[in-house]
Structure formats: C-alpha cells, structure tokens
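Undergrad: Chain by chain, the residues run as shown.
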Amino acid sequence: MGMDYVDAGYIAALVTVLVYGIGLGLRRRRWERAAKVADPATPVTPGGRS
Amino acid sequence: MWRDAVLVAGKDLRIEARSRVGLWQVVPFAVLVLILVSFAIGPDTGPLRHAAPGIFWIAVLFSTVLSIQRSVAIESGEGTRDGLRLSGIDPAGIFLGKAAAVALQLLILQIVLWAGVTFLFDVRVHVIWLAVLASLLATVGLACAGVLYGALSSGLRVRDTLLPLLVLPVLAPVLLAGSKAWQASLSGNAGSGTEWLRILIPFAVIYLVIGIVLYGPLQEAT
Amino acid sequence: MTTDTIPRAAAGPSRPRWLSIVGILGVIALGFTVWLGLWITPPDQVQGNLARLLYIHPPIATVALYWAGGVAAASSLLYLWPRTRSLFWDRLAASAVEVGAVFSALTLVTGSLWGRPAWGVWWTWDARLTSTALLLLLELGYMALRRVPADAAIRARRCAVAALLVAVDVPIVHFSVDWWQTLHQGGTVLDPGFHLHVHGSMAWTFLLGFIAFSLLFVWLLGVRYQVEVLQDEVGDQELDVSLAERWSEGTELVGVGADTSGAPDGGGT
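Residue numbers (the working numbering), protein chains in the order written: chain G, 3 to 52; chain R, 10 to 231; chain Y, 829 to 1097.
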C-alpha cells in the first residue's frame, strides 16, 4: 500500500527541482545575453543611434 | 511623540468626519459581507449561529483592508506625504496617530457589526467583558499591522491589489484568535476564551513596537 | 549619475566554480537519495513503504522553513542595519524568498501525498501545514511587492521590511494554529509520526536527503542571485541608454547639434 503516493512524491520533488533549476539556468543565460546586448563594446553616444 | 500622534489622529479623523467615506462605504460593505456569507452558509439558524463569530471577524478583516486603503489614500494627494514628512513630526507619532484613527473607526464598525450579528443570527454575547476585551486587543493589532502595511504599499501604482495579498495572511492569527474568543463569549464559556487573549496581546504589542521602530525607515522608502 | 550607487560588475558576474561544484554534488546526492530511498532501504515496520517519503519530505521542509527563511530574514535584517547595508543582502534575501517559495510548495505537495494514505486526508489543520501554507502565500506577496518597479534602494528597503514582518508573523501563526488544534481536538490526529526506528541504511538515506537538498538549495540560491544581479544590471543599462537617447533628442530639438562629448556618462563601462 502507498507505493503510488511515494512514487508521486518522489516524482513531484524531482520534477520541481529539475524544472526550477533548469529554468533558473535558462533565465541566467537570457539575462547574460541581455547584459551583453545592453552593454555594447562601443559606448552609446547621443545621436549615434539615429 | 504622543502630541504628534494626537495631531495626526485628529487630522485623519476630521477628514473622515467630513468625507464620510467610512460611514457610507466601509460600514455598508461590512454589513454586506455578513449577508453574503450567510447566503453561502444557508438559511438554517443552527449553522449560522455556529459560524457567527467567524463571519463577524471576516467582515472586520475585510473592512480593515478598506480602512487601511482609505488611510493611505488620504496621504496620496499631490505632495501630502512630503508635507507630512517635512513637517518635523516624529515618524513614530505619525504611525501611532494613523493607527489610532484606524482603530477608532474599526471599533465603531465593530459596534455596528455586533448589532448586525445579534439581529441577523440571533446570537447573544454572554460574557461581554471578554468580547469587548478581545475586540479591543484585536483592533490594536489590526490597526498597527494594517497601517504598517499601508505605508509599505503607499506610493505604489498597484497598491490596491497588492495590499490585501500582503496584509491578509499576516492578520490571520487575529481572525483565528478573535473568532475563538468570541465563540467562547457567545457560549458563555469564559475560561477557554481568555486563553485566546494570550495570542491577541502579543500580536498587538509586537506590531505596535515594530511600527514605532520601522515606520521612519519605511517612510523614507516611499 | 545616480545609478552609479549600484556597484557594477564587469559585464555580468562570473560564474564561480564552487557554485557549479555544489550543484553537481547536490544532483549526485539527490540521485543517491532517490536510489537508496526507493530501492535499497527496507520498508519501515510501522509505516511500510510510506516511510520512504520521509527521506525527502523533512529535508525539503527544512530547506523551505529554516534555510530559506533564515537566509531571507537574516539578510533583510542586515540590509536594514545601516552598517551592513548593501544591495548584496537585498538580492540574497530576494533569491532566498523565491527558492523558499518553491520549496514551501514542494513541502505542501509531498506532505499531503504522505497525509492522504497515512491519515486518510489530503489536508488537516495542523500547525505545521497551516503555517507552511501561509508562509507560501506571504512569500508570493513578497515576490509581488518585489516586481513593482522602483529605485533599487527604495525597493530594497521596502522588501526588507516586508520580509521582516513575514518572519515575525510566521511563528505567531504557527503558535496560534497549534493552540487552536490542541484546544479543539484534544491532541493532534497526526502524532507527528517520525518515530522511525531508524537503523543502518535508513539513517544514512535520511541524512543523505538532508545533505542533497541543502546542497541544491545553495546552488539554486547562488544561480538565482546571479539572475538578480544581471537583471539589475540590464535594467540600469537600459535606463542609461534611454536617458542618453532622451538627451540626444533634447539636444537636437534645441539645436545644439549632436555633440558627442557631452553624453551623460555614455551607456557602458
């Protein structure tokens, strides 16, 4: 008795940690890219973009 | 500090007395909650009587949120907060004053609700001192915690939706202890009711002290 | 510029190696916990297979309540304390609250998966269950407050106060619900039941579960912290860029011409 519940508990724990961990990793990568885009090698000068 | 508190409380209460928002909006809303919850529970007097203390405190809690929003809105006019901040009034005094004003309004509200509960659910408060004491202590806690959270959310554009989410879970112990104390005073069982004052007292004291200490820093942050 | 109050790491924080090692160790430890917990350890004499949930539920709850809660409360306090005020503490607190919310939710899920077969109900108004549920709601409230855009220092102070209020409230909730239970029902239904006759492999698995989830907590906290730093950094740079654009529009309108030398700090570096 109870093995279904045990399995469900383990699956819930593993999936949650996995999904959250991978999600965090992806978020970190996305923001790292955004940081690179927003911080270009050439400094933004007024009028330089137009 | 105390003089400042009286000043601020007087100001808030005068504004309330003139605008009558509390009287014409908050009190009817609280009575509405009583009626709506009764609809949800059903017309039998038995369950309604049993649930009466809980319904009473639910109504008080929701109305507290409204009162706090009103108390914040008073200060949200152009430059009002800066005016208050620059007036040299002690932040602790502002906190105590605003909390006192809210507390007074909540007490008046509870008297109306008391009548409402008696009338609608046919219940009688047997141990009056216990009910009054529980209400007084709970009101102090509700007002202090509420004003603190009001200051936290003031100046935010999403204030009206954020405040209930922030403050209602915090007020949960008051709902619990208040309902139990009232239940005891309705059933005439004073002994089990006084136990619950031992939660209401620390709650009131803790949020009173935190408010006095943290209201200053919080005010600077908005 | 005012945004210079925020210390700017050069183009994103480097990923420290110790953090990756902690993460890898955490995953390995978790793998072993699952393997030992599901296949190697014998079923408990009293609870049977259900006891296997106890290898993961208490560690998750410990992380949610003590590690995450402790880090969030302590770092909020350190932020409010003028001598130790630094955005580091603010970001750490925010990260701890988010990771804590995930673990609180997981505590509730694994708890009710244990409760259903053990007590016959998904939910009971036990002090620990109820205060964990309220903690989760309070954490969601904190995260909502944090999403409100504001100046970094203002947001930090506001959030630190909110976190402290939560830290004060949760023990009161726990205490009051505990009282509610004992006065109401004369003792809880669920004699907390962790009287395992732990021996041999079960004890080791139990311990390993704690280590695994604690390591994973440190790793998640670290990564979440990096995300927080990057977010702030990008936000600042976008602000700089838009300010520079505004400024240039202004100069064009006035007709001063696009003189590049007068740019307010430029966007980068």
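It is worth saying that the hints were derived from the structure and are not from the lab.
Just so we're clear, the structure is a prediction, and the values are computed from it rather than from any experiment.
Glycine included, each C-beta is placed from N, C-alpha and C at the ideal position.
Hints are not guaranteed to be accurate.
[What the hints assert, rightly or not] What follows is a set of in silico ranges between Cβ atoms, one per label pair, in the way DEER data are often shown:
#1 Y:976 to R:124: 47 to 53 Å
#2 Y:975 to R:51: 47 to 53 Å
#3 R:226 to Y:853: 37 to 43 Å
#4 Y:947 to R:34: 34 to 40 Å
#5 R:41 to Y:972: 46 to 52 Å
#6 R:26 to G:28: 53 to 59 Å
Undergrad: Check the structure against each numbered hint from earlier and tell me which ones fail, lowest number first.
TA: 1, 2, 4 and 5
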